[in-house]
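Participant: So you can see what is in the structure, the chains are spelled out below.
Number of protein chains: 2
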Amino acid sequence: MALINEHFLKLPDNYFFTDIAKKVNSFRVTHPKTRVIDLGKEDVTLPLPDVTVKALHRAVDEMAQQETFRGYSPHHGYDFLVDAIIKNDFAPKGIQLTPGEVFVTNSAKESISNMSDLLRHDNSIGVTDPIYPLYIDANVSVGRAGTLQDDGKWSNVVYMPCSYENHFIPQLPEQPIDIIYLCYPDNPTGTVQRKAELRKWVNYAIEHDTLLLFDATYEAYIREKDVPHSIYEIKGAKKVAVEFRTFSMGAGFTGLQCGYVVIPKELTAATLDGRRIALTPKWERLSHIRFGTAIYLAQRAAESLYTPEGKKAVKERTDYYLANAALLKEALSGNRLTVYGGDNAPFLWVKTPGTLSSMKFFEHLLYETGIICTPGVGFGPGGEGYVQFTAFCSRKECEEAVHRIRHWRIL
Amino acid sequence: MALINEHFLKLPDNYFFTDIAKKVNSFRVTHPKTRVIDLGKEDVTLPLPDVTVKALHRAVDEMAQQETFRGYSPHHGYDFLVDAIIKNDFAPKGIQLTPGEVFVTNSAKESISNMSDLLRHDNSIGVTDPIYPLYIDANVSVGRAGTLQDDGKWSNVVYMPCSYENHFIPQLPEQPIDIIYLCYPDNPTGTVQRKAELRKWVNYAIEHDTLLLFDATYEAYIREKDVPHSIYEIKGAKKVAVEFRTFSMGAGFTGLQCGYVVIPKELTAATLDGRRIALTPKWERLSHIRFGTAIYLAQRAAESLYTPEGKKAVKERTDYYLANAALLKEALSGNRLTVYGGDNAPFLWVKTPGTLSSMKFFEHLLYETGIICTPGVGFGPGGEGYVQFTAFCSRKECEEAVHRIRHWRIL
Numbered sequence: 106m107a108l109i110n111e112h113f114l115k116l117p118d119n120y121f122f123t124d125i126a127k128k129v130n131s132f133r134v135t136h137p138k139t140r141v142i143d144l145g146k147e148d149v150t151l152p153l154p155d156v157t158v159k160a161l162h163r164a165v166d167e168m169a170q171q172e173t174f175r176g177y178s179p180h181h182g183y184d185f186l187v188d189a190i191i192k193n194d195f196a197p198k199g200i201q202l203t204p205g206e207v208f209v210t211n212s213a214k215e216s217i218s219n220m221s222d223l224l225r226h227d228n229s230i231g232v233t234d235p236i237y238p239l240y241i242d243a244n245v246s247v248g249r250a251g252t253l254q255d256d257g258k259w260s261n262v263v264y265m266p267c268s269y270e271n272h273f274i275p276q277l278p279e280q281p282i283d284i285i286y287l288c289y290p291d292n293p294t295g296t297v298q299r300k301a302e303l304r305k306w307v308n309y310a311i312e313h314d315t316l317l318l319f320d321a322t323y324e325a326y327i328r329e330k331d332v333p334h335s336i337y338e339i340k341g342a343k344k345v346a347v348e349f350r351t352f353s354m355g356a357g358f359t360g361l362q363c364g365y366v367v368i369p370k371e372l373t374a375a376t377l378d379g380r381r382i383a384l385t386p387k388w389e390r391l392s393h394i395r396f397g398t399a400i401y402l403a404q405r406a407a408e409s410l411y412t413p414e415g416k417k418a419v420k421e422r423t424d425y426y427l428a429n430a431a432l433l434k435e436a437l438s439g440n441r442l443t444v445y446g447g448d449n450a451p452f453l454w455v456k457t458p459g460t461l462s463s464m465k466f467f468e469h470l471l472y473e474t475g476i477i478c479t480p481g482v483g484f485g486p487g488g489e490g491y492v493q494f495t496a497f498c499s500r501k502e503c504e505e506a507v508h509r510i511r512h513w514r515i516l
Numbered sequence: 106m107a108l109i110n111e112h113f114l115k116l117p118d119n120y121f122f123t124d125i126a127k128k129v130n131s132f133r134v135t136h137p138k139t140r141v142i143d144l145g146k147e148d149v150t151l152p153l154p155d156v157t158v159k160a161l162h163r164a165v166d167e168m169a170q171q172e173t174f175r176g177y178s179p180h181h182g183y184d185f186l187v188d189a190i191i192k193n194d195f196a197p198k199g200i201q202l203t204p205g206e207v208f209v210t211n212s213a214k215e216s217i218s219n220m221s222d223l224l225r226h227d228n229s230i231g232v233t234d235p236i237y238p239l240y241i242d243a244n245v246s247v248g249r250a251g252t253l254q255d256d257g258k259w260s261n262v263v264y265m266p267c268s269y270e271n272h273f274i275p276q277l278p279e280q281p282i283d284i285i286y287l288c289y290p291d292n293p294t295g296t297v298q299r300k301a302e303l304r305k306w307v308n309y310a311i312e313h314d315t316l317l318l319f320d321a322t323y324e325a326y327i328r329e330k331d332v333p334h335s336i337y338e339i340k341g342a343k344k345v346a347v348e349f350r351t352f353s354m355g356a357g358f359t360g361l362q363c364g365y366v367v368i369p370k371e372l373t374a375a376t377l378d379g380r381r382i383a384l385t386p387k388w389e390r391l392s393h394i395r396f397g398t399a400i401y402l403a404q405r406a407a408e409s410l411y412t413p414e415g416k417k418a419v420k421e422r423t424d425y426y427l428a429n430a431a432l433l434k435e436a437l438s439g440n441r442l443t444v445y446g447g448d449n450a451p452f453l454w455v456k457t458p459g460t461l462s463s464m465k466f467f468e469h470l471l472y473e474t475g476i477i478c479t480p481g482v483g484f485g486p487g488g489e490g491y492v493q494f495t496a497f498c499s500r501k502e503c504e505e506a507v508h509r510i511r512h513w514r515i516l
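Going down the list, the sequences are from chains A and B.
All residue numbers for the first sequence refer to the working numbering, where the first residue is 106 and numbers rise by one.
All residue numbers for the second sequence refer to the working numbering, where the first residue is 106 and numbers rise by one.
Some hints could be false.
The list cannot tell twin chains apart, which means a pair is met if one copy fits it or any two copies do.
Claimed, not checked - Think about it this way: if two alpha-carbon atoms lie no more than 30 Å apart in a straight line, the pair counts; the simulated DSS-like pairs of lysine-lysine are:
id, residue 1, residue 2
1, Lys159, Lys416
2, Lys420, Lys330
3, Lys127, Lys192
4, Lys330, Lys416
5, Lys146, Lys344
6, Lys128, Lys115
7, Lys370, Lys128
8, Lys127, Lys370
9, Lys370, Lys115
10, Lys192, Lys344
11, Lys127, Lys198
12, Lys115, Lys344
13, Lys420, Lys138
14, Lys501, Lys192
15, Lys138, Lys416
16, Lys305, Lys417
These aren't lab readings, by the way, just hints derived from the structure by calculation.
Keep in mind that this is a model prediction, so the values were computed, not measured.
Given the sequences, and given the hints that come with them, work out the whole structure.
Facilitator: This is the structure we're talking about:
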């Protein structure tokens, strides 16, 4: 009799974002004339850059000829892309990486989940609260998160609250934690940590032998100078941190799926009997049994982003969404709401008025303006009292949303 | 202190196929003038079909325009592909499936690994021996396989020997086993099970409440009429079997990565307290936290294979490799070797003469003819005494290999 993984059953049956989608759908059905504007969308709108489209066509033509056809990608990705990544994303910041430390992947989501497989089921984990649910869910299914409590928290997870009270800068935990997830620029709050703040985390990790899993998915949105693009801008981070990157959000590769993970050679985890095991070769080994890498077409597409034209296209796209964020921020603030984030990230994190719940705010907004936002409670207990707006709409939709928000009479 | 997953450490550090690649490499270095022919290659050679190339170019153009741009794929894949799969791969065989039972995936490898996550760590597993190592490795890393013993077997795995003595038809286990992996047409042996034989497995599974994980990766190579293309051709299989498919080996999509998994709605696993849980919604839930699906381009490419031109292209490609297999089989048999497989699969499984080990045969062949094969021992203890030849070379290489084999003086 095949038994199901009992840890997996601990996950609530309904995925929060699916539930929200259902609520939106029932609004659409009952309000067929309303043009719904989706500011809860976690997916890009703008098409691929021209330089990428050209690279894709060329790569497709290569796949059509026996001499230039490519089958399975090398497990760590093609050298042309790994070299471009090291040369462009790290070397200019003084970060020295070798090709064996950079692994091309399909997506940050998959890689974060895969990394969890390399680690023991009873490591303690710490997360910021609110947090994108994926980080915790991946731990639930291997039994690492414990059980879901009435307060919405998992019993074995250390939550580090981020709210307006602490300017969304979580306090360092008092106890040692084995694994800590950090995502900066942060989804959902759209806030960042500056170099001096991130340095505290790296020092904490060095002191307590903590593994930092650093998700830099929204790195391309950073505009302020003292906000690190990579955790490795902090001295000592190579000993304690894995960094996850993706081309999804900067270049609009959500439909292409290409990213990478950096696992420095000096990074280790421990065995029960106290040996230290380098993670780089173990990740390589895991890739043989567990996951593939981005396909050749996507890797050539990613390579195109490192040309001058590609860099310009990424800048234009992220500027576009950041300009949306600025327009929305102005409209929401103008309507007596307190708004955080949006300066270095495509997200706004909005305090609900008074004691209004995030779900109630979501419903009022939807039914009174036809605009979708995401209730903060979907990102954990610390998200209650906030809602998230994303900036991935078209400019036209954004302007229409601004108009509706300006005329919205909030409770 | 982050601890490493101790189960993962049980895997031998060296991946067998990487070791073989190293041996080949050292031969190349010491024999720079020999044109090595790779008949150990598990990747296709022929380029993508024209109809697929056209579909890819069209899809790339769609990604270049805001109106037709596509971001994240739906988690279960696009309807156009799911519908084509059901209509072409199953309906004509009288197998009724609904869209909610078919999930587009990146690859069979990933899906087989992901399925393992849904199941409890202490289920018993059964595999044919020899077997493609992936199935066991995915279980090792979650602790389900036990420990590697001196005889090359994992302590918690039930091995079902397949050899010339039993015509490569494994005997049904005497005890109940929770999960059994079957791959037909089989990699490595290139053999198949006919309908009457597969029916015994389905009946065994129904009787013992066993979950069958059926890998149909090489389905497109089946030529004989009474060999099922799908496990669901057997009555009752929907209650006990998951089927994994990929477009990699038939159409040559190893560089595109698109496949699918079928999880019938009636398929369940049990909880410790005896409840039955349907696997379909759990797979859907897992997809949200664990893995993506094939990208839009790959799904349009896969869709093209269901056109008359696409079907013809798949037939031509598989015919080509099967013709290679036939040429090689004739040459090897002509040189006093006993050869199995190759009629419904792109693999030949060759008995080594006398008591010659598979590794020794590999080395003799490499050093005396410049041809690479794969030592059977890499596929488990039951592979000792055999080597595998794959048929994924070009016809020109195949003819050259035939020539060299004919003139090879085997020990």
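Participant: Does each hint fit the structure? Answer for all of them.
Facilitator: We went through each hint and held it up to the structure:
1. Lys159 to Lys416: Answer is both: 15 Å inside a copy and 29 Å across each meet the 30 Å cutoff.
2. Lys420 to Lys330: For Lys420 and Lys330, the Cα distance is within 30 Å only inside one copy (15 Å; across copies 58 Å).
3. Lys127 to Lys192: Close across copies (29 Å), not inside one copy (45 Å); limit 30 Å.
4. Lys330 to Lys416: For Lys330 and Lys416, only the intra-copy Cα distance (18 Å) is at most 30 Å; the inter-copy one is 55 Å.
5. Lys146 to Lys344: neither (36 Å within a copy, 38 Å between copies)
6. Lys128 to Lys115: within (24 Å within a copy, 47 Å between copies)
7. Lys370 to Lys128: Between copies, since 25 Å is at most 30 Å while 47 Å is not.
8. Lys127 to Lys370: between (45 Å within a copy, 22 Å between copies)
9. Lys370 to Lys115: Answer is between: at 21 Å across copies they meet the 30 Å cutoff, but 35 Å inside does not.
10. Lys192 to Lys344: Within one copy only: 21 Å inside a chain, 53 Å across chains, cut-off 30 Å.
11. Lys127 to Lys198: Answer is neither; intra-copy 45 Å and inter-copy 36 Å both fail.
12. Lys115 to Lys344: Result: close only across copies, 24 Å inter versus 34 Å intra.
13. Lys420 to Lys138: For Lys420 and Lys138, the Cα distance exceeds 30 Å both inside one copy (36 Å) and across copies (50 Å).
14. Lys501 to Lys192: Answer is neither; intra-copy 37 Å and inter-copy 40 Å both fail.
15. Lys138 to Lys416: neither (41 Å within a copy, 44 Å between copies)
16. Lys305 to Lys417: neither (33 Å within a copy, 62 Å between copies)
Hint compliance for this structure: hints 5, 11, 13, 14, 15, 16 are not met, and every other hint is.
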